[in-house]
Amino acid sequence: MHYQFRTAVELLARCEEYSLSIAELTIHAESETSTLPKEEIRLKMRAYYQRMKESVRSGLQITERSRSGLSGGDSRRVLAHSEGDFISVLGAAFERSIAYALAVLETNAAFGRIVATPTAGSAGIAPACLLTWQEERKASDEDASRGLFTAAGLGKIIGHGACFSGAQGGCQAEIGSACAMAAAAVCELDGGTPEQAVNAAALALQNTLGLICDPIGGYVEAPCMMRNGLFGLHAFGAAAISLSGVKSIVPFDEVVSALREVGHKMPRIYKETSEGGLAATPTGLRFRNDKPQERDLS
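Taking the numbering used here, the leading residue of the sequence shown gets 849, the next gets one more, and so forth.
Keep in mind the hints are simulated off the structure, nothing from the lab. Check the hints yourself; a few may be wrong.
Unchecked claim - Lysine to aspartate or glutamate pairs mimicking DMTMM-like chemistry, simulated, CA-CA at most 20 Å apart:
| # | residue 1 | residue 2 |
| --- | --- | --- |
| 1 | K1113 | D1101 |
| 2 | K901 | D989 |
| 3 | K886 | E990 |
| 4 | K901 | E983 |
| 5 | K1004 | E1102 |
| 6 | K886 | D989 |
| 7 | K1095 | E864 |
| 8 | K1004 | E880 |
| 9 | K892 | E984 |
| 10 | K1004 | E872 |
| 11 | K901 | D991 |
| 12 | K1095 | E858 |
| 13 | K1113 | E1102 |
| 14 | K1004 | D1101 |
| 15 | K886 | D991 |
| 16 | K892 | E880 |
| 17 | K1004 | E912 |
| 18 | K892 | E1043 |
| 19 | K901 | E1043 |
| 20 | K986 | D933 |
| 21 | K1004 | E858 |
| 22 | K892 | E872 |
| 23 | K986 | E931 |
| 24 | K901 | E990 |
| 25 | K892 | E902 |
Please take these sequences and the hints and turn them into a complete structure.
Here it is in structure tokens:
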């Protein structure tokens, strides 16, 4: 059997041909190229998911600002607020998911271990979405880690058709890709068909087109951290819309092509150079001289 795919059209054709979910097809494809037994592949992915959860836990323990002064302690604040008396109209899980995403980026800023999905600057979205899903659905680690295979399948298509690098394509390539991957994962975990999962990814990715990469001071902290927190919610929204039956006007492969086109045409100053956007504001420029900013976290 041939399980390989480079486009969403090929992925969906293989899923239909072999009656497989995207997660299972991705496992078969990996086993086909790596020669590793499928169960060993599943175990490795479970280990990656455990590392993701550890990065969330580590970040939530941070109380001091990072060396740059741009982050540290924010995930704890958001989590504490989610557990307080004032509950968001969208529920505590809404804020908790934001806290988890922020925590991963704070772990990264503290030189802790994270799992790039697909990059360090966008590494908070998948853990935040999957851990929140696991808690709300009372699911096992095995169930949640299955979503990472769905995410990997969509990521493979983006990698072939465009890029993940902020230096090449702007933040749309990092946050956009992570958001699309997480949307597909949540959609399939909640019972979505392969078509619905791919559609969720298309809905998520198209709404990040044009997002610039403008790290303040050149650090992968701000605005990266908040984009992780807020675009994790975007992934949940895209999954819900797709599960409702609403379809993206533009199919996923064409959205990926648009991502590549926009990335090629985006001015260089908006591609991780810290020469434009928020990095070039008066406040942003203060962080270019390695002057840590103090902030009261009490």
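A quick look at each hint next to the structure:
Under the criterion of a C-alpha separation no larger than 20 Å, the hint pairing K1113 with D1101 is consistent with the structure, at around 19 Å. Among the hinted pairs, K901 with D989 is consistent with the structure: their alpha-carbon atoms are about 10 Å apart, no more than 20 Å. Distance check on the hinted pair: K886 and E990 sit about 14 Å apart at the alpha-carbon level, within 20 Å; holds. At roughly 12 Å between alpha-carbon atoms, K901 and E983 fall within 20 Å of each other, so this suggested pair holds.
Distance restraint check for K1004 and E1102: the Cα-Cα separation of roughly 15 Å lies within the 20 Å cut-off, and the hinted pair is therefore satisfied. For the proposed pair K886 and D989, the alpha carbon gap of about 17 Å is at most 20 Å, so the pair holds. The suggested pairing of K1095 with E864 holds, with an alpha-carbon distance near 19 Å, which does not exceed 20 Å. With a C-alpha separation of about 15 Å, the suggested pair K1004 and E880 falls inside the 20 Å cut-off, and the hint holds.
For the proposed pair K892 and E984, the alpha carbon gap of about 24 Å is over 20 Å, so the pair is violated. Proximity of K1004 to E872 is assessed by CA-CA distance (about 14 Å); at most 20 Å being required, the pair is judged to hold. Straight-line distance between C-alpha atoms of K901 and D991 comes to about 14 Å, which keeps the hinted pair within the 20 Å bound. For the suggested pair K1095 and E858, the alpha carbons sit about 19 Å apart, so the restraint of at most 20 Å is met.
Taking the CA atoms of K1113 and E1102, the gap is about 17 Å. The hint holds against a cut of 20 Å. The straight-line distance between the Cα atoms of K1004 and D1101 is roughly 12 Å, inside the 20 Å bound, and the hint therefore holds. Note on K886 and D991: the hinted pairing holds, with a Cα-Cα distance of about 16 Å set against a maximum of 20 Å. For the given pair, K892 sits about 16 Å from E880 by alpha-carbon distance, which is consistent with the 20 Å threshold.
Taken as a hint, the K1004 and E912 pair is broken in the structure, with Cα atoms around 37 Å apart against an allowance of 20 Å. Restraint check for K892 and E1043: the C-alpha separation of about 26 Å exceeds 20 Å, so the hint is violated. Distance hint between K901 and E1043 is unfulfilled; the C-alpha atoms sit about 29 Å from each other, more than 20 Å. Between K986 and D933 the alpha-carbon distance is near 23 Å, which puts this suggested pair outside the 20 Å criterion.
Note on K1004 and E858: the hinted pairing holds, with a Cα-Cα distance of about 12 Å set against a maximum of 20 Å. Between K892 and E872 the alpha-carbon distance is near 15 Å, which keeps this suggested pair within the 20 Å criterion. In summary, the hint linking K986 to E931 is supported, as the alpha carbons are separated by about 18 Å, within the 20 Å threshold. Note on K901 and E990: the hinted pairing holds, with a Cα-Cα distance of about 13 Å set against a maximum of 20 Å.
Restraint check: the Cα-Cα separation between K892 and E902 comes to about 15 Å, which is no more than 20 Å; the hinted pair holds.
Against the hints set out earlier in the document, violations occur for numbers 9, 17, 18, 19, 20.
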